[in-house]
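These protein sequences, in sequence, are chains G and R. In short: position in the first sequence from 1, add 34, done, that's the working numbering. In short: position in the second sequence from 1, add 943, done, that's the working numbering.
Hints are computed from structural coordinates only; laboratory data are not their basis. Don't take each hint at face value.
Residues of chain R placed beyond 12 Å of chain G at every Cβ, according to the derived structure [to be verified]:
id: 1; residue: Ala950
id: 2; residue: Ser951
id: 3; residue: Glu954
id: 4; residue: Leu967
id: 5; residue: Phe971
id: 6; residue: Ile978
id: 7; residue: Ile980
id: 8; residue: Thr991
Not close to chain G: a few residues of chain R, all C-beta gaps over 10 Å, as computed [as the list claims (entries may be wrong)]:
id: 9; residue: Pro947
id: 10; residue: Phe969
id: 11; residue: Thr973
id: 12; residue: Lys995
id: 13; residue: Ser1029
id: 14; residue: Asp1038
Computed beta-carbon distance windows for the label pairs [as the list claims (entries may be wrong)]:
id: 15; chain 1: G; residue 1: Thr112; chain 2: R; residue 2: Tyr1009; range: 56 to 66 Å
id: 16; chain 1: G; residue 1: Trp227; chain 2: R; residue 2: Gly1034; range: 25 to 35 Å
id: 17; chain 1: G; residue 1: Ser122; chain 2: R; residue 2: Ala974; range: 48 to 58 Å
id: 18; chain 1: G; residue 1: Leu89; chain 2: R; residue 2: Ser1020; range: 58 to 68 Å
Note that the structure is a prediction, hence the values are computed from the model and not measured. Glycine included, each C-beta is placed from N, C-alpha and C at the ideal position.
Single-letter residue listing:
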Amino acid sequence: MFQRTLILSALVTALITALTLLLGSPIAHRLATLPLRYSNPRMIFVLLPFWTSLLVRTTSWIVLLQEQGVINSTLVATGVIDDQDRLSLIYNQAGTIIATTHILLPFLVLPLYSVMRPIPPSYVRVARSLGASSWRAFRSFYFPLTVPGIAAAGLRVFILSVGDYITPALVGVATGRLISNPIAYHMTNWLNWSQTAALAALHLGCVLLLYWLYDQLIGIDNLKLG
Amino acid sequence: MAVPSYASPLEKIWYDPFRVICALIFVFLTAPILIVIPLSFNAERYFTFTEKMMSLDPTGYSMRWYDLLLILPGIISGALFAFVTSFDDPGGVLDRAADGG
Chain G
35 MFQRTLILSA LVTALITALT LLLGSPIAHR LATLPLRYSN PRMIFVLLPF WTSLLVRTTS
95 WIVLLQEQGV INSTLVATGV IDDQDRLSLI YNQAGTIIAT THILLPFLVL PLYSVMRPIP
155 PSYVRVARSL GASSWRAFRS FYFPLTVPGI AAAGLRVFIL SVGDYITPAL VGVATGRLIS
215 NPIAYHMTNW LNWSQTAALA ALHLGCVLLL YWLYDQLIGI DNLKLG
Chain R
944 MAVPSYASPL EKIWYDPFRV ICALIFVFLT APILIVIPLS FNAERYFTFT EKMMSLDPTG
1004 YSMRWYDLLL ILPGIISGAL FAFVTSFDDP GGVLDRAADG G
């Protein structure tokens, strides 16, 4: 039972990290390349969710995703789906993935932005003027310069989502649980502290293993947190 | 900022869709938070947009959930009054005196 949760939540967490990278890097790049007087007003779109309480954001996802919620009602009203087969977007894996992705997106965008901002636009311009294609300029100049930011932000999102408790507990009730939920369950329902400690140690061991893997692949020296 | 002059044709085509995608991600970030504001005017207790609200019927909306904020000064002043008067509560003092404390 716990093995299944462990493997499943590792996969879900990897998916969440990939999704935040997919959604976060375009806007980080856009914010970093716009002139400051245009990018600063747009920054509020990232900072507003960053400053809002986690509970407010989770409950607003319940409003949006539930069976009678905004997304389902809109889909039924526009005739995309029938009234009988409303999508079950919440209280399962899908709910956990959507809500956690949204909650952790600012944690990815902000460090990535702070790494992308100081890169002078002239680097890419020089590469292009020397005859490099746009893909070559990206691959040889822009991407290597952003790797420390991508790595740090990705690791940060991964660690945060792997230990996330309250969001999966609220929007992923039955099947959308992550590792922290069975740990909390053993603690609060059975008062089995030794079992809780064992599960938590296992969780910590997995995270340390990932940290080691990360050090081997990218190197901790390359970590740049903002 | 416009497309730089050295951009290839593909980059020029891609520029506007990229802006739209970024705008959509910004909406994804903020819309779930802002949705709470219209929902606070719901006349029902349910945590969803009712049919009346969807059809913009005025009876579907209400300010009733903001009433708590209007009576909040009363709650605070009442608590303060109770706290101050508890300092010279004769009943409590007599009870404790009878117990020898």
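Against the structure, the hints come out as follows:
{"no.": "1", "hint": "Ala950", "result": "7 Å, violated"}
{"no.": "2", "hint": "Ser951", "result": "6 Å, violated"}
{"no.": "3", "hint": "Glu954", "result": "6 Å, violated"}
{"no.": "4", "hint": "Leu967", "result": "9 Å, violated"}
{"no.": "5", "hint": "Phe971", "result": "7 Å, violated"}
{"no.": "6", "hint": "Ile978", "result": "5 Å, violated"}
{"no.": "7", "hint": "Ile980", "result": "10 Å, violated"}
{"no.": "8", "hint": "Thr991", "result": "5 Å, violated"}
{"no.": "9", "hint": "Pro947", "result": "7 Å, violated"}
{"no.": "10", "hint": "Phe969", "result": "4 Å, violated"}
{"no.": "11", "hint": "Thr973", "result": "5 Å, violated"}
{"no.": "12", "hint": "Lys995", "result": "13 Å, holds"}
{"no.": "13", "hint": "Ser1029", "result": "34 Å, holds"}
{"no.": "14", "hint": "Asp1038", "result": "39 Å, holds"}
{"no.": "15", "hint": "G:Thr112 <-> R:Tyr1009: 56 to 66 Å", "result": "32 Å, violated"}
{"no.": "16", "hint": "G:Trp227 <-> R:Gly1034: 25 to 35 Å", "result": "46 Å, violated"}
{"no.": "17", "hint": "G:Ser122 <-> R:Ala974: 48 to 58 Å", "result": "21 Å, violated"}
{"no.": "18", "hint": "G:Leu89 <-> R:Ser1020: 58 to 68 Å", "result": "29 Å, violated"}
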